Amino acid sequence: MGVLSAVLQSRAAAALASPHSVDRFLEQVNPLWAAHEVRGRVVDVRRETTGVHPVSTLTVQPTSTWRGHRAGQHVQVGVDLPGARRATRCFSVSSAASGPGERFTLTVRAHDDGDERTSLSRHLATAATPGTLLHLSQAGGEFTMHATPATPSPHPVLLISGGSGITPVMSMLRTLLRDGYDGRAGRPVTFLHYARSAAEQIYAEELAAIARFDNHVDVRVVHTGAGGQRFGPAALARLVPGFRDTDTWACGPTGLVQAVQAAYDGSERLRVEHFKAPASPLGAEEAEGETSFARSGLGAANTGETLLAQAEALGLRPQTGCRMGICFSCTTRKTSGTVRDVVTGEESARPDEDVRICVSAPVGSCTVDL
Amino acid sequence: MTSTTTSSPRLTPVQLDALGAEMDAIRQRVLADLGEADADYIHGVVRLQRRLEVAGRALFYLPPAWPLAVAALSVSKILDNMEIGHNVMHGQYDWMGEPGLSSRMYEWDNVCPSEQWRYSHNYIHHTFTNVLGKDRDIGYGILRMDEDQPWHPYYLGNPVYAFLLMVFFEWGVAMHDLEVENIVAGRRSLADNKALHAGIMRKVRRQALKDYVLFPALTGPFFPLTLAGNATANLVRNVWAFNIIFCGHFPAGVATFSEGECEDESRGHWYYRQLLGSANIDGGSLFHLMTGNLSFQVEHHLFPDLPARRYPEISGEVREICERYGLPYNTGPLGKQLLSVARKICRLALPDRRREQPSQAAEQPAAA
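First to last, the protein sequences are chains A and B.
Residue numbers for the first sequence follow UniProt numbering, so the first one is 1 and each next one is one higher.
Residue numbers for the second sequence follow UniProt numbering, so the first one is 1 and each next one is one higher.
Isolated chain B (complex conformation) (with noise of 0.2 Å):
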């Protein structure tokens, strides 16, 4: 939606060097108090998913325990991709000077190659967050996410569409960098692909190797059920990550932007479009520690490379600002902004029905 227009509220050049100044300090105390405690928690979360993945591995030797198998296996990935992968990679732990921990050397468990990643994530989208025609993670090429898409009748798949990037998510992920809607539409040709292919075919050749043959060879005559339950655990994963990062960008009351509008940006309106582009989740501590803290997607996109842990205890200084300039913070239960994501994909799904209009504040900012 181009809600930045008529529903969100504009901010005045001195109001958004002031947002600015006000968010460059909160990231400035953080970094200057980053420590023990966050080197303890990001070892802790390390320690548990090692632990759950053997666990995991290990219970596929008893088959009664399969579902439990299955579970630490899928608990072990999300953790991995998630608050140890996603946020390592985003350099948040850079300054502790671990290579086991340094964005430049992480590898996740995920076909999609880190180096790939980081690129298309850390830059693209971080960066032109939900800036359209440069953002990238709207719709992922694949659907239609934003009434100024253009329709077109290929878009009355979005729902289906929708549901096969789910459950291959980490595929998709993977695909991502191929830009292949810029191939059909010519923008791209298969030869910028090259040098991509080996990356990704190496990584699901390892991802394959480990998951589907030798863990299930090693348990013998189980190899079906170990088979399974390894490829159930990637679907787990690929579901959950799918739907924890589309509540990130895409329920209702979620701004984007032009191109225009981002030209020469200040630093200040930077903040203001990843305030307004960004959709939080409500939920417990065990919920956030297994969205990588990405139900603080806000926080995520304002401070996208301080240690997640720090997004809980920040928020409630960034809500209050939000109120002080009179601008949304967009926050829900896990249901709710699943429903509306959910519906904005099918309402999609066919062509605008008040296209003239200027679309009005149709959708409301979901409750701060």
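Same shape as in the complex, but just chain A (with noise of 0.2 Å):
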């Protein structure tokens, strides 16, 4: 592709398909061209647990766009739903680093993200096959280890992740293993995972091969809901002493994430990210004034929601795509009012600004152009 790649994203091809994109007419011939937008193709499938919330890893092969991500980093991914209806959800991608179009995993979980009809990751995670399209962006994310793939950090590693928030981590520790990490090195790492039961376990096989070769890396795995400690300053403390001044990397549910950051104490070692956002910075108690939706003339108290759970609990179904604050698909005009972001905790009362609906959630009396 590439002679035919840099004339397609030449601006002349540009200016020729005017004023539609280059890929516009590509798509036409075969999903998998591109000469700038991302999509992948669906080429593995693997069950890696059953039940309520089956999860699944999707071997992807995207399209000679893929710049390649780094690990830690994750993907929007757009599928077409039954019904026509495309929806976007954001992923980590969990295997290890890869380069500009080269194969990739996503390990999804089936949550039930609005109606079952309309879950993402429900469909994703049960009947993906072979042949599934998706649409996908460039990797993104600051959650990342840094400096030479092969020498990611020279200093010990530790890793915390809780449920889903495996992803990013598990990318990070294949990307050592797989860049020639032995442990000589003298920097251990530690796989610190929380997991509900052994049955909600996923990549069990893999970690337990980790936990047995001769590789200082040091995996532990807790049960919470067979008795399992949750986390706690103490145990860490334990485990790895003076966790404060290591690099650790920590990726799970908001509660962890927030125990492990009372942890650290506003330590600069500790990187953090959460796989959900958390829904509301205010109790409903504390939540006052009126939500008002200026284009369809609806509204209602504030519940102290972020203003896409308000707007869909009014029956409104805006344009959304990772409702985590990462894909500004829907970022909307806030006519007036005082939002509050609810994973920086960050407040802005400019009017007539741009906010991301899913991680907004008013404070006081709010106007959005919804």
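Incorrect hints may appear among the rest.
What the hints assert, rightly or not - Covered stretches of chain B, going by a simulated chain A footprint (3 or more residues, C-beta under 8 Å):
| id | stretch |
| --- | --- |
| 1 | 33 to 39 |
| 2 | 47 to 59 |
| 3 | 89 to 96 |
| 4 | 202 to 216 |
As the list claims (entries may be wrong) - The calculated SDA-like cross-link candidates involving lysine to any residue, where the alpha carbons are at most 25 Å apart (straight line), are:
| id | chain 1 | residue 1 | chain 2 | residue 2 |
| --- | --- | --- | --- | --- |
| 5 | B | 210 | A | 25 |
| 6 | B | 336 | B | 352 |
| 7 | B | 210 | A | 21 |
| 8 | B | 134 | B | 263 |
| 9 | B | 210 | A | 26 |
| 10 | B | 134 | B | 313 |
| 11 | B | 210 | A | 36 |
| 12 | B | 210 | A | 24 |
| 13 | B | 210 | A | 28 |
| 14 | B | 210 | A | 10 |
| 15 | B | 134 | B | 265 |
| 16 | B | 134 | A | 26 |
As the list claims (entries may be wrong) - Computed from the model, here is a short list of chain A residues facing chain B with C-beta under 7 Å:
| id | residue |
| --- | --- |
| 17 | 16 |
| 18 | 18 |
| 19 | 19 |
| 20 | 84 |
For the record, the hints were derived by calculation from the structure and aren't laboratory data.
Small disclaimer: the values here were computed from a predicted structure and weren't measured.
Where a beta carbon is used, it is the ideal one built from N, C-alpha and C, also for glycine.
The task is to assemble the complex, starting from two chains supplied on their own in separate frames and drawing on the hints.
Below is the structure:
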């Protein structure tokens, strides 16, 4: 694709295809041909767990436009669900760091985001088959190991995850091991994971194998539903003395991430990622005022939830994507009022400001153009 | 015409509410039924448009096939602007969540920037349809299309202006937002337009570069032929779009409204106004495709955000509702509607003959 893709990506090609993008023509021939956009085809599906929330790992062959990913990054995945409705969500890449155009894997747990028919994660985890077309973004996110791939960190590494939050740290661990990490560099890796039960534990065999090898990787899996102790600073200090001075990556549900943040007490060695944005920064009792949706003429008392949740509660179906403040698909004009970012806690009162409604909760009365 | 006060049946508030409820029910039913078939349809139209565009561009390398190339490119531009562009930008396919068919992102093959068009068309025209003084699509600020627009000697040129607007229709649409007539009248300042210029110029440059420089240059020795062909295709699209669109609101029997009539109007009155303010064109399914289903202008104005392919299937129901409420359902063959529009353009060039008399039902609604 070298010369051809350079031609297709050129300004001349864009001018000839204008006002449409070159991709609007290429996709008519083959969905895996693209000059700018990234798409992928599922080439393999592996069921990790079964049950109410089954988990599957999908191997994806991306278009040549895929620039690769660093361990820990995520990608937006759009899928056409039954009824011709495309939904988009963010997933961490679970395989080791990839290069341009290289295959990667996504590990997806079936959640009921929205009703069953519109749940993208359930569709991917249970109905995706080899051949399923995915509409992707480039990999993004700063929850990564920097430095060179072979020596991501010159120091000991601590990876903490809970539930589905295992995927980005698994990508880090796999990258370390693939790129020749053998423990002799004097920087042991501790992999601490919290799962509800052994049945819901994904990558169990692989983790057991990694634990068995002589590689200075200490794998600790805690099953909280089976009497395992929840995360606490004392237990962590026994496992990794001086953890606050250890390079740590933590990813999981909000409760776990907040507990880890409290344990680290502001240490710069800690990097975290929520895999789900907190629903509300305010208690329902604190929320006041009226949330108004100008275009539809709807409104209700402010519940303190995100604008997206309040809009959906009123029956509105605004465009959404990741639902965690990453993809900007839901960006909407806020005409008045103050909103708080539920992830960072930052407040903003600027009128006529574009906000991501999935992570913005109104503080008092607020009007948005929906 | 202020025919609402004379010839059009007036409905009581109770009747209007009932009419609104019936229309809302149709809308809800179609919305609940949207799915694969609608997606397949629009994907099929897009595929056809892309193929025609590629075929048209390629056929310019074969000079004897010039008429064929122009035909393919003209149809491609018409499909792009009407069944795809106009309808996608109305948000008819937003429910699919496909960026390429999203009203917020779609850009059409036209010198009018889609963002500006969405404001003047989706908001101003569709909200204030046929409200004199509000709906700037009545005469596009250039023509006299209604008796209640006071006559002025300027309007003697009405047919000439209409002809020019037809030939340069995409430019007229692009200039529409600049509200030149309001600048002349001192109601708008040139500074108000500054923000719009960049967007229009960008679209103008892109079309000129593509149709009048790059593609002609790519055909080498056939440069002039390709240039002429591309210009012809743009012209054909202009003429076609102008005629279809003027048949939508200006044939005899279509009502206009005063601002007073529409203050605090109910949902039922809004539907009533859309019904009386629009006119359909009869034709076959190929014809409807080529008009972007704007041949179902009545249904389009009632339900601007429903996929246009649904208009034919609900038109029977709308017509039946009209009969029950005694409302005219304005439709006719293309020739008849065009003639009716042309007569109006010419007649309104002259001062009104019977200005003092209340305009009686001189214009019967076209046969339903």
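Each hint tested on the structure:
1. 33 to 39: holds (count 5)
2. 47 to 59: Since three or more residues must qualify, the claim that chain A covers the stretch 47 to 59 of chain B holds, with 4 doing so at under 8 Å.
3. 89 to 96: It holds: at least three residues are needed, and the stretch 89 to 96 of chain B offers 3 whose Cβ sits within less than 8 Å of chain A.
4. 202 to 216: holds (count 7)
5. B:210 x A:25: holds (16 Å)
6. B:336 x B:352: This hinted pair holds, its Cα atoms lying about 23 Å apart.
7. B:210 x A:21: holds (13 Å)
8. B:134 x B:263: holds (12 Å)
9. B:210 x A:26: holds (18 Å)
10. B:134 x B:313: violated (31 Å)
11. B:210 x A:36: At roughly 20 Å apart (the allowed maximum being 25 Å), residue 36 of chain A and residue 210 of chain B satisfy the hint.
12. B:210 x A:24: Answer holds: residue 210 of chain B to residue 24 of chain A is near 16 Å, not above 25 Å.
13. B:210 x A:28: Holds. Residue 210 of chain B to residue 28 of chain A sits at ~21 Å (cutoff 25 Å).
14. B:210 x A:10: holds (14 Å)
15. B:134 x B:265: Holds, at about 15 Å.
16. B:134 x A:26: Roughly 43 Å separates the two Cα atoms, so the pair is violated.
17. 16: Holds. Min distance 6 Å.
18. 18: Since the shortest Cβ distance to chain B is 5 Å, the answer is holds.
19. 19: With a closest approach of 4 Å, the residue 19 of chain A hint holds.
20. 84: holds (3 Å)
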